[in-house]
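Could you put the whole structure together from the sequences, leaning on the hints where they help?
Protein chains: 4
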Amino acid sequence: MTTSNCSCCSHATTPQKQENVKGKADNNQLVISSDPEHPANLICELCRMFYNNGWVTGTGGGISIRDGNHIFVAPSGVQKERMVPENMFVMDLEKQEYLRRPEIYKPSACTPLFLSAYTMRNAGACIHTHSQNAVMVSLLFDKVFEISSIEQIKALPKIVEPGNLWYSDKLVIPIIENTEKEEDLTDSLQEAIREYPGATAVLVRRHGIYVWGETVWKAKIYNEAIDYLLEIALKMKQFNIPTVKPK
Amino acid sequence: MTTSNCSCCSHATTPQKQENVKGKADNNQLVISSDPEHPANLICELCRMFYNNGWVTGTGGGISIRDGNHIFVAPSGVQKERMVPENMFVMDLEKQEYLRRPEIYKPSACTPLFLSAYTMRNAGACIHTHSQNAVMVSLLFDKVFEISSIEQIKALPKIVEPGNLWYSDKLVIPIIENTEKEEDLTDSLQEAIREYPGATAVLVRRHGIYVWGETVWKAKIYNEAIDYLLEIALKMKQFNIPTVKPK
Amino acid sequence: MTTSNCSCCSHATTPQKQENVKGKADNNQLVISSDPEHPANLICELCRMFYNNGWVTGTGGGISIRDGNHIFVAPSGVQKERMVPENMFVMDLEKQEYLRRPEIYKPSACTPLFLSAYTMRNAGACIHTHSQNAVMVSLLFDKVFEISSIEQIKALPKIVEPGNLWYSDKLVIPIIENTEKEEDLTDSLQEAIREYPGATAVLVRRHGIYVWGETVWKAKIYNEAIDYLLEIALKMKQFNIPTVKPK
Amino acid sequence: MTTSNCSCCSHATTPQKQENVKGKADNNQLVISSDPEHPANLICELCRMFYNNGWVTGTGGGISIRDGNHIFVAPSGVQKERMVPENMFVMDLEKQEYLRRPEIYKPSACTPLFLSAYTMRNAGACIHTHSQNAVMVSLLFDKVFEISSIEQIKALPKIVEPGNLWYSDKLVIPIIENTEKEEDLTDSLQEAIREYPGATAVLVRRHGIYVWGETVWKAKIYNEAIDYLLEIALKMKQFNIPTVKPK
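Chains B, L, D and H are the protein sequences, given in the same order. Residue numbers for the first sequence follow the working numbering, so the first one is 1 and each next one is one higher. Residue numbers for the second sequence follow the working numbering, so the first one is 1 and each next one is one higher. Residue numbers for the third sequence follow the working numbering, so the first one is 1 and each next one is one higher. Residue numbers for the fourth sequence follow the working numbering, so the first one is 1 and each next one is one higher.
Heads up, some of the hints might be wrong.
Identical copies go unnamed one by one, so any copy, or any two together, can satisfy a pair.
What the hints assert, rightly or not - Here are the simulated DSSO-like cross-link-like pairs (lysine-lysine), alpha carbons at most 30 Å apart as the crow flies:
no., residue 1, residue 2
1, Lys235, Lys245
2, Lys158, Lys247
3, Lys235, Lys247
4, Lys245, Lys181
5, Lys143, Lys237
6, Lys143, Lys247
7, Lys106, Lys158
8, Lys237, Lys247
9, Lys158, Lys245
10, Lys247, Lys181
11, Lys106, Lys170
The hints are simulated quantities; they were obtained by calculation from the structure and are not laboratory data. Small disclaimer: the values here were computed from a predicted structure and weren't measured.
In structure tokens, the structure reads:
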């Protein structure tokens, strides 16, 4: 086993600093925009929000947004709440080649996982957090997390058919085993995506969660709704209330 | 059962975006105002606060304000913390017809519930949250939530007579059963309002809470005070302390 | 028993509104200042902070600052996080007469309690919160709250002699019984102040806490340190760890 | 035992006030800079963040940054979230003499502990918090805190060799006993640093934690990652899940 770090979740050698984040001067036009809805700007804004929720502290977690054939990904091992658009990697989805690759950073080890959501599910964005609720649920459930009959479930999509889940539907999120290196999760993540065609998220045991959606806003909404359900499930466990309501 | 979504708590097909939220150009004068106390502005401000409290994450929950005969309601399935005044629906209370109906959104499925508070209690505003404290209390109590002898109770009104509850008074909030569609809660909500003339709120099992008040500020104060009491009740349960103090 | 409200903790009939908070035009010079350290400005700033900590939600709690012979007190029953300097009452400490009394508000029912800290302890400020940690501790301890051998204790004063408590000293905070009306707490609060000359705070069972200090900043620091200790005491209780370390 | 306070964690006699914080006029050039990355500015910014996390409330905790041979240290007993650059002490690391010493403050009693991290580990910054997670873990573990097989571990360095810990590696943080005076911790802290060459932090029982890193950003990242792991360990304890995963 080489000692190359799983770069998604560890810090890079050179933490970001205003004067160091310029990256390659060329292709800056891919990430510099005055539009707050530009993917490079949104990634920075959302990561600040996720940091305040405790989802991406200590450089953990990450986010990627797809804009047509362009994939925007935050770099590896940086403080997610202090990123600026110049930090972003941009990849051509079809060719899977970098269009912009800031030299001082390492690409995120989450990249092959994000790509799985794009290619297998045509996602518009993918969020990865180290949410403590996700980690705790992964310690208390076996192969899948299941919950039913909580109103917030209705914020989540059926996927296998149009529309959202109903209140009494059972939400099922598969749990895959963690690996030493983040990129080694790719096979089992893809297997879970195939095995659970209705899932818009995959939990990683003792690690966190991957959530994706048709757009960045849907991914954000799904992530919030799922984290709410993970949290309430933990509270139900504390009071010995089953998370799946008996019929 | 058709698969039309319960729209209050699920996201709409097109999430809000700065360039898409203009809605019908006509009747914009109903929602555009430089007065921060205008109902359309207050709904946006309060929803940002409620989001930060975890009460309306993942598009959950909502709020409505009445200004004379005009009812302002946030649309269905949007991110509550990112709304702008142009998103608002406006309804004539007496005729129950929309005066302003942004075409790209669905009206909130909470609307008939909000209207119940306006018509049956002459409320000035109604707040609906997916507060986890509300959901957990609904799982631990049967027909009603009861608490007494906690100072914060004094922030809540007696309603059946002028003035607020006393410290040692028992606060009683009815709990109604959830339904697949939010609008189907209307009958049982109205029944609870009739049966509990002193209640300024109704809990919905496994769903959340509806709170109303004479004005938007009173509704906000009541909602805060009730959530405080729900939270302390859960802590008392953890330490096996009865929420109603034995005489 | 009359139905006059305990006004400290219940909302007034007319909640504050920008255009309504002017109060008496005369004596505005007592509360209008561009100095952020002016008592009327500090009360507003600190209450916004306390609100975000959950200490004064739902109009609960309050704060008073003494500046020489002038006592500044927030009004009764208003949203503590939305106050403006024009809301403040100002009292002459010696004569115990109002120098400024906004007509649309009721004076805080906490006023006699604040005055007790000023006259009996020469305090410079007094803070009253409905902290849930205070309420829970008051439900789990009998006559006094006691804790020892936690570093944060060193932020608190000995009072009976100069300097602060040591790490292994025992912090003792008396707990008095709540009453229906806040002003009726005055006698037992004064008795506790006399009986516990080393206390800089008094817990009120099922209600909250009063904390005072030589200056507003010391009162704030003491309140933060005590709340930290109340919170850790509750966590210790959950793990069955005694809050007073056996010698 | 004299009654001189452990000044790191208790408040000074004169709390900071805008007009009082000027300190010695000479050597202001050491702390006044328009660069937000200047150590004096960073200490103020980070302390505001730490305060919002509950890590340095009630004047508790502190932070020090090294810039070459200059050590910047926040003063003793001040509100950490309200500091301004003029409050800072500056010390020459080699000579261990103050280059700037604001007269109205006491130097931090943490200073010899910060110096230990600089001289023994060549740290670039050292953070001290009163994190409740740290205090609780110190009450539930004996000589060391241990955790393994949680993804967030990968944010922490091996130190004894290049690179970060792996997912399944065991993170070990020594716990030393608290003393009445903070400076008396120096010997046992240094012993722990020698005995645990792979540790980038030391827990102090019933007190808090010291965390250091090669740069201020690494120290911040390590502190966040460790606090995340302390918090999840407490949750695992509540569900009787061992923090070290059995092989």
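Results of checking the hints against the structure:
Taking CA atoms no more than 30 Å apart as the test, Lys235 paired with Lys245 passes in both settings, with 15 Å inside one copy and 23 Å between copies. In this homomeric assembly, Lys158 and Lys247 come within 30 Å of each other (Cα to Cα) only inside a single copy, at 20 Å, whereas the closest approach across copies is 38 Å. Proximity of Lys235 to Lys247 under the C-alpha cut-off of 30 Å is found in both arrangements, the shortest distances being 21 Å within a copy and 29 Å between copies. Proximity of Lys245 and Lys181 under a CA criterion of 30 Å is satisfied inter-copy only: 18 Å between copies versus 37 Å inside one chain copy.
Both within a single protomer and between protomers do Lys143 and Lys237 lie at most 30 Å apart by alpha-carbon distance, with minima of 17 Å and 22 Å respectively. Taking the shortest Cα distances, Lys143 and Lys247 sit within 30 Å of each other both inside one copy (22 Å) and across copies (19 Å). In this assembly of identical chains, the alpha carbons of Lys106 and Lys158 lie at most 30 Å apart only when taken from different copies (19 Å versus 36 Å within one copy). For a Cα distance limit of 30 Å, the shortest separation of Lys237 from Lys247 qualifies both inside one copy, at 19 Å, and across copies, at 26 Å.
Taking the shortest alpha-carbon separations for Lys158 and Lys245, only the intra-copy value of 19 Å comes in at or below 30 Å, while the best inter-copy value is 35 Å. With identical chains, the CA atoms of Lys247 and Lys181 are at most 30 Å apart between copies only, with a shortest distance of 18 Å across copies and 41 Å within one. Proximity of Lys106 and Lys170 under a CA criterion of 30 Å is satisfied inter-copy only: 25 Å between copies versus 39 Å inside one chain copy.
Violated hints for the displayed structure: none, as all numbered hints are satisfied.
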